[in-house]
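Undergrad: Chain by chain, the residues run as shown.
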Amino acid sequence: MADSGASVNAREAGGELVIGLKGAWTVRSVAALDQAMAAIRPGGARKARFDLSGLVTVDSAGAWLIARTRGALAAAGVEVKLEAADEHQKALIDKVLAAGLPEPRGRLPHHYLIDILARVGRALIEAIKLGRDLLSFFGAVVIGFLRLFVEPRRIRFVSLISHIEQTGLNAMPIIGLISFLIGVVLAYQGADQLRQFGAEIFTVNLVGVSVLREMGILLTSIIVAGRTGSAFTAQIGTMQVNEEVDALRTLGLDPLDVLVLPRVIALIIALPLLTFYSDILALLGGGVACVTLLGMSSVQQFLTQLQAAVTMTHFLVGLSKAPVFAAIISMVGCFEGLRVTGSAESVGRLTTKSVVEALFLVIVFDAFFSVVFSYLHI
Amino acid sequence: MTETPTISIRGLVTRFGEQTVHDGLDLDVRRGEVLGVVGGSGTGKSVLLRTVVGLNRPAAGRIEVLGQDTGHLSEGAWRSLEARWGVLFQSGALFSSLTVAENIMVPLKEHGHLPGRLMAELTALKVAMVGLPPDAGDKFPSQLSGGMKKRAGLARALALDPELLFLDEPTAGLDPIGAAAFDELIRSLQQSLGLTVFMVTHDLDSLSAICDRIAVLVDKRIKVDTMEHLLEDPHPWIRSYFHGPRGRAARHAEA
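First to last, the protein sequences are chains A and B. For what it's worth, our numbering labels the leading residue of the first sequence as 1, then goes sequentially. For what it's worth, our numbering labels the leading residue of the second sequence as 379, then goes sequentially.
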């Protein structure tokens, strides 16, 4: 691309300002000309003349510089003429002038400390609003759930079964693998420390209790939040973008019945099952590590020790949290999906938000459960 | 005068798997004309546009744009060629995470190397030239109506003052008044900026209002002529296209 030797030369002759333009005035050359054109002042001249005879080509960026200077001169009370512009160039400059001289609006004065304060305040109000909306969504889901008891025909079985398959059955390989490996890791780390007291055998207690009470359910919830919660938001969000959710409403179908309840119920059924499965696989991993690697004499010894260490209560404590976490994950997922508006970009943003919020709430409720159970001496 | 055409396509073949869309297609777009491309659904109008701008690779054939063979270009040459055309996609294809003004600045930043204030001025100028209100620059695409999105997309396509403008169904989805205004806008920009326009459209009104010549995609090839000559054409599809009830209405409105 020939860069054109574009130049501007302004001189005053006999009370008349002559502005000579040369070369190709295009978007590629205007950067160099901007300053020179902005610096042109009428001085004492009452008349000004743009001499365009040297102009090779001009595009709208070049025309803008000419129009801007012409406007500035005219505003200073100078009479301006364009000379030797060919038809096309003149038409273009007229077009640019006709578009008006847009004033780039300056920003309002602001102070960065106040900006920070304003952001904190805005974020706080957003968070409170979010909490309120989530609570009201929870209420709507509970009401919808109770309505199912009155009118059991509203349950969408096909959708329910399909969601159980997607969220439960299809998650089994990943949850099984991770649970098994976590069991192995726990046994290893525990045995390393307990060996110092000669209490290696208590590795079994460590693995058994921690897996059944906390690790199994927490691990499963975290994987499900990442895998299923995000999928719920993305599915419903995409439907929202395509106006499918609005279409459901106009067809007399309640999105709560069609989209939300099947997902919530499916996960409330699937998550306890997955937790049980995760518990078993983690114990298996712990057992394999104990027997093969830590020199425990036999499988029998591991099982005897496990039986002594854990009680039904440990297992039930872990499992009792599953339906609650399932409700949290699925409701947050559906809630964020329904909040999608307009663009595909908001689907991505809210999917991320849904996972983060679900994980946050799961951990908060887990802490809450721990406190309650310790008060109850369970 | 025999000047080289802005776009010259020879023997173009496009295939998707087993399906052949174009088979030995030839087309010349002359400098400074508005060419309307029409054809039935699935005849590959948009595919043709995408192939010319390099989004599809043809199975065979030669495409020259602005005198350069697009099949054999280095990365750098291709980049500077791309800066010489603008494309308006069917639904605007504005970047949804950026405001309208930021959308227009994307090509300016990439190719222009301009000082910030001048860039803001040029952006405001483009916003005004496509007939958007000044405050539209601060809005996000999701806050705009369909017609405004197309105008904003046009402003972005024109950001670098291209010589060649590709439009994919520019008036689809606009109301008749908005479509007529958009036709008017394209025509006036084309004249004052000296653009060559390659326009895929279904809108018979825009065909008769602003197109110099019309290219009809039939039988995997193209037939180019003026509206008057195409009206006489014996090909059954062309006959039913221009002589159907809608074609007649458009011509009556014109007369």
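Heads up, a few of these hints could be off.
What the hints assert, rightly or not - Once the Cα atoms are required to be at most 30 Å apart in a straight line, the calculated DSSO-like pairs of lysine-lysine come out as:
#: 1; chain 1: A; residue 1: Lys95; chain 2: B; residue 2: Lys517
#: 2; chain 1: A; residue 1: Lys22; chain 2: A; residue 2: Lys81
#: 3; chain 1: A; residue 1: Lys353; chain 2: B; residue 2: Lys517
#: 4; chain 1: A; residue 1: Lys47; chain 2: A; residue 2: Lys22
#: 5; chain 1: A; residue 1: Lys95; chain 2: A; residue 2: Lys129
#: 6; chain 1: A; residue 1: Lys353; chain 2: A; residue 2: Lys129
#: 7; chain 1: B; residue 1: Lys487; chain 2: A; residue 2: Lys22
#: 8; chain 1: A; residue 1: Lys129; chain 2: B; residue 2: Lys487
#: 9; chain 1: A; residue 1: Lys95; chain 2: B; residue 2: Lys601
#: 10; chain 1: A; residue 1: Lys81; chain 2: A; residue 2: Lys47
#: 11; chain 1: A; residue 1: Lys81; chain 2: A; residue 2: Lys95
#: 12; chain 1: B; residue 1: Lys517; chain 2: B; residue 2: Lys527
#: 13; chain 1: B; residue 1: Lys527; chain 2: B; residue 2: Lys487
#: 14; chain 1: B; residue 1: Lys517; chain 2: B; residue 2: Lys487
#: 15; chain 1: B; residue 1: Lys598; chain 2: A; residue 2: Lys353
#: 16; chain 1: A; residue 1: Lys90; chain 2: A; residue 2: Lys22
#: 17; chain 1: B; residue 1: Lys601; chain 2: A; residue 2: Lys90
#: 18; chain 1: A; residue 1: Lys95; chain 2: B; residue 2: Lys527
Unchecked claim - Going by beta-carbon spacing under 7 Å, a handful of chain B positions derived as facing chain A:
#: 19; residue: Leu496
#: 20; residue: Met507
#: 21; residue: Leu510
#: 22; residue: Asp539
Unchecked claim - Cβ pair distances, simulated, as ranges:
#: 23; chain 1: B; residue 1: Gly524; chain 2: A; residue 2: Arg11; range: 29 to 37 Å
#: 24; chain 1: B; residue 1: Pro493; chain 2: A; residue 2: Gln189; range: 56 to 64 Å
#: 25; chain 1: A; residue 1: Lys90; chain 2: B; residue 2: Pro612; range: 44 to 52 Å
#: 26; chain 1: B; residue 1: Arg393; chain 2: A; residue 2: Arg249; range: 39 to 47 Å
#: 27; chain 1: B; residue 1: Gly524; chain 2: A; residue 2: Arg132; range: 31 to 39 Å
#: 28; chain 1: B; residue 1: Pro512; chain 2: A; residue 2: Ala344; range: 42 to 50 Å
Simulated from the structure, these hints should not be mistaken for laboratory data. C-beta atoms are modelled at their ideal positions from N, C-alpha and C, and glycine is treated no differently.
Undergrad: Now, for every hint given, state plainly whether the structure supports it.
TA: Hint-by-hint comparison with the structure:
1. A:Lys95 / B:Lys517: This hinted pair holds, its Cα atoms lying about 25 Å apart.
2. A:Lys22 / A:Lys81: Holds: A:Lys22 and A:Lys81 sit about 17 Å apart, inside 30 Å.
3. A:Lys353 / B:Lys517: The given pair, whose Cα atoms are some 24 Å apart, holds under the 30 Å limit.
4. A:Lys47 / A:Lys22: holds (21 Å)
5. A:Lys95 / A:Lys129: violated (49 Å)
6. A:Lys353 / A:Lys129: holds (15 Å)
7. B:Lys487 / A:Lys22: holds (25 Å)
8. A:Lys129 / B:Lys487: Since the Cα atoms of A:Lys129 and B:Lys487 sit roughly 38 Å apart, the hinted pair is violated (cutoff 30 Å).
9. A:Lys95 / B:Lys601: violated (35 Å)
10. A:Lys81 / A:Lys47: Satisfied, since the Cα-Cα distance of roughly 8 Å is no more than 30 Å.
11. A:Lys81 / A:Lys95: holds (16 Å)
12. B:Lys517 / B:Lys527: Holds, because 11 Å separates the two Cα atoms, which is no more than 30 Å.
13. B:Lys527 / B:Lys487: holds (21 Å)
14. B:Lys517 / B:Lys487: Judged against 30 Å, a Cα distance of about 19 Å means the pair holds.
15. B:Lys598 / A:Lys353: Distance of about 49 Å is beyond 30 Å: violated.
16. A:Lys90 / A:Lys22: Satisfied, since the Cα-Cα distance of roughly 16 Å is no more than 30 Å.
17. B:Lys601 / A:Lys90: Violated, at roughly 36 Å.
18. A:Lys95 / B:Lys527: holds (22 Å)
19. Leu496: holds (5 Å)
20. Met507: holds (5 Å)
21. Leu510: violated (10 Å)
22. Asp539: With a minimum Cβ separation of about 4 Å from chain A (threshold 7 Å), the hint on B:Asp539 holds.
23. B:Gly524 / A:Arg11: 29 to 37 Å: Violated, since B:Gly524 and A:Arg11 (Cβ atoms, about 51 Å apart) do not stay within the stated range.
24. B:Pro493 / A:Gln189: 56 to 64 Å: Once the Cβ atoms are compared, 60 Å apart, the range 56 to 64 Å for A:Gln189 and B:Pro493 holds.
25. A:Lys90 / B:Pro612: 44 to 52 Å: holds (45 Å)
26. B:Arg393 / A:Arg249: 39 to 47 Å: holds (43 Å)
27. B:Gly524 / A:Arg132: 31 to 39 Å: holds (34 Å)
28. B:Pro512 / A:Ala344: 42 to 50 Å: Cβ of B:Pro512 to Cβ of A:Ala344: about 28 Å, so the range 42 to 50 Å is violated.
Violated hints for the displayed structure, listed by number in ascending order: 5, 8, 9, 15, 17, 21, 23 and 28.
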